[in-house]
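K.L.:
Model the full structure from these sequences, guided by the hints.
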Amino acid sequence: MTSTSTASSADGLTAVGPRGNRPAPRASTADGASPARPGRRRRRGGEGFLVRYAFIAPAVLYLLLFYGYPIVKNVVMSFQAYDFSTFFNGSAPFVGLDNYATALSNPIFLKALANTGLFTVGSIIGQFVIGLGLSLYFRKHFPLSGVLRSLLLLPWLLPMIVSAAVWRWILEQDSGVLNRFLESIGLISAPIGWLTSSDTALVAVIMVNIWLGIPFNVALLYSGLQAIPEELYEAGQLDGATGWKSFRHITLPLLRPVVSVVLLLGVIYTIKVLDLIIGLTGGGPANATQTLATRSYELSFLEFDFGQGAALSNVLILIALLFSVVYLRANARAAKNG
Amino acid sequence: MTTATAPCTSPAPARPRSRAPRGLVHTGIGIVLVAIMLFPVYWMVNASLAPQGNSLNTGLLPLHPDVGGYARAFADQGQNLLTSLVVAVGAAILSLVIAAPCAYALAQFRIRGTAVLVFLVLISQMIPGIVIANALYTAYTPLGLINSMPGLILADATQGIPFSILIMRAYLETFPTSIVEAARVDGCGHLRAFVSIVLPVSRNSLITAGIFSFLFAWSDFLMALTLTTGETIRPVTLGLYTYIGTNDTDWSAVMATAVMSSVPAVVLMIAAQKYIAAGATGGAVK
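Going down the list, the protein sequences come from chains V and L.
Each residue of the first sequence is one higher than the one before, starting from 1 at the first, in full-length UniProt numbering.
Each residue of the second sequence is one higher than the one before, starting from 1 at the first, in full-length UniProt numbering.
These aren't lab readings, by the way, just hints derived from the structure by calculation.
Small disclaimer: the values here were computed from a predicted structure and weren't measured.
Be careful, since some hints might not be right.
These stretches of chain V come out as covered by chain L in the derived footprint (C-beta under 8 Å, 3 or more residues) [stated by the list, open to error]:
id, segment
1, 73-83
2, 113-123
3, 137-146
4, 168-181
5, 272-283
6, 286-300
7, 316-324
Quick reminder that beta carbons are idealized off the backbone N, C-alpha and C, glycines included.
P.N.:
Spelled out as structure tokens, the structure:
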């Protein structure tokens with residue numbers, strides 16, 4: 001019992017996985033008009049045919065307009081000189097691969113790519129390790145454990161920009177509470193400009209993103225841990241597997257499918273983080289926290305070069321889709337085992 | 001199902017097998033851990049009650065609470081809070097209206113292309129928001145949808161709709177079809193069966209989907225940042241951002257705005273714990 005939609009998504013995927021195969025008829029599947037006849041009849045099927053499509057039509061239309069169109073538009077724009085003047089005279093001449101050449105050869109691109117990698121890997125490791133630790137701890141039943149665990153979800157429910165504002169105040173150089181605390185215990189002698197120095201900004205942004213991601217990791221890992229039957233630990237105990245041994249030989253292998261789902265989802269969500277970075281540093285100082293997402297925003301909306309912005313966001317889509325494919329496979333596997 | 005693992009599983013004091021003193025030590029450590037995690041939230045509330053100005057000595061406790069920050073925040077951001085509320089409610093309603101019938105059809109009708117559609121819905125959750133914003137800006141400009149409520153509502157539902165489809169479909173897959181069949185035999189149309197039978201029975205998943213669609217839209221920053229340009233229609237997330245950007249940052253007012261922007265999340269977490277928990281493990285959310 002990993003999670004409702006992990007399960008649901010997986011079974012959507014199993015349906016797609018073997019290409020061309022019809023999804024296995026589900027126990028609950030039935031339609032009033034033609035029960036138990038999965039054959040050809042349902043295609044031209046009865047009076048309900050149009051009505052049934054009408055149920056999905058609004059969603060399909062919406063997805064086409066708000067996902068399909070933007071993706072296509074981004075691809076097209078990335079081959080056009082689409083800038084300020086386009087909004088006035090509507091001309092956006094095709095320029096081949098110029099946007100890609102310009103955007104990718106800019107040194108900021110490499111910086112942004114490296115930062116995206118560091119930001120993602122650093123965040124994921126931190127979130128996962130702390131998240132796993134907390135979910136193992138809260139697995140023990142003790143008074144108030146349920147209440148405390150649900151309180152942990154709070155940072156994840158707050159608007160990201162709120163968290164950014166709060167952390168900006170905490171990390172503020174002169175009056176931020178973090179510097180005041182570190183100074184009072186003698187760990188630092190002069191206040192650190194966490195977000196204003198290019199040496200520390202990326203680390204600080206990663207720290208905040210770790211804080212934001214912990215609840216999500218706890219929620220998924222905890223429910224994964226719950227799914228491991230208690231008897232296994234009891235049996236392991238008889239064989240002398242306690243503490244680290246039981247974690248290593250029972251918990252870890254059984255949690256693995258959930259772990260891969262958590263990590264991959266983490267990557268997919270982290271590479272596109274934008275609100276947090278814009279709120280904390282705006283990609284600065286001197287591009288120290290610039291990522292592909294923030295750079296794409298900057299190109300489109302600050303430099304008004306939508307062609308280059310689109311080129312970069314296409315790079316981002318490619319990376320996201322790559323991990324999505326890996327995720328969906330891992331997810332299907334998790335559902336099969338779980 | 002997931003709901004069984006919900007955090008609301010009775011926090012019954014002292015399970016039989018945990019001896020009381022050890023349990024209490026665990027509780028103590030647990031409280032410390034949660035306190036560390038939630039310290040920023042506490043600090044936000046604390047700072048919001050500090051007197052005006054960039055004071056160097058915000059105390060650890062708001063011993064002399066000053067609500068001036070709230071007064072200034074409300075004067076500056078009241079309108080924006082209202083805008084956020086309208087947009088978020090609008091996006092939540094839109095999400096449910098579009099997603100519920102689709103989820104039902106995907107779970108219960110044998111329609112060609114179901115698997116493909118579910119796959120696309122899943123993938124859509126992974127598309128970076130900046131991609132959508134790039135294209136919507138260029139499309140909204142000639143349509144006059146920049147700086148408009150409908151424009152924002154439509155854009156802010158981009159997260160809620162796929163999420164709602166998935167979460168409701170997962171529930172509706174387990175829906176007993178016999179009820180609908182019985183109604184259909186009695187001459188009830190698909191639409192009527194859906195409205196008068198399916199929707200009431202799937203109330204819980206509707207609420208979960210609605211709450212999250214609301215929170216997604218309430219939290220949205222990117223669409224607000226890119227699809228509005230003036231001050232007339234400005235959600236509070238963007239208001240908060242521009243507030244920090246001003247030269248002479250009035251931190252108590254900023255933090256008061258942050259607190260007010262957090263109210264829906266906190267209220268829902270307390271009042272709708274069960275649904276939040278269902279959505280949290282409901283997978284691919286944020």
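K.L.:
Enumerate the violated hints, using their earlier numbering and listing them in ascending order.
P.N.:
2
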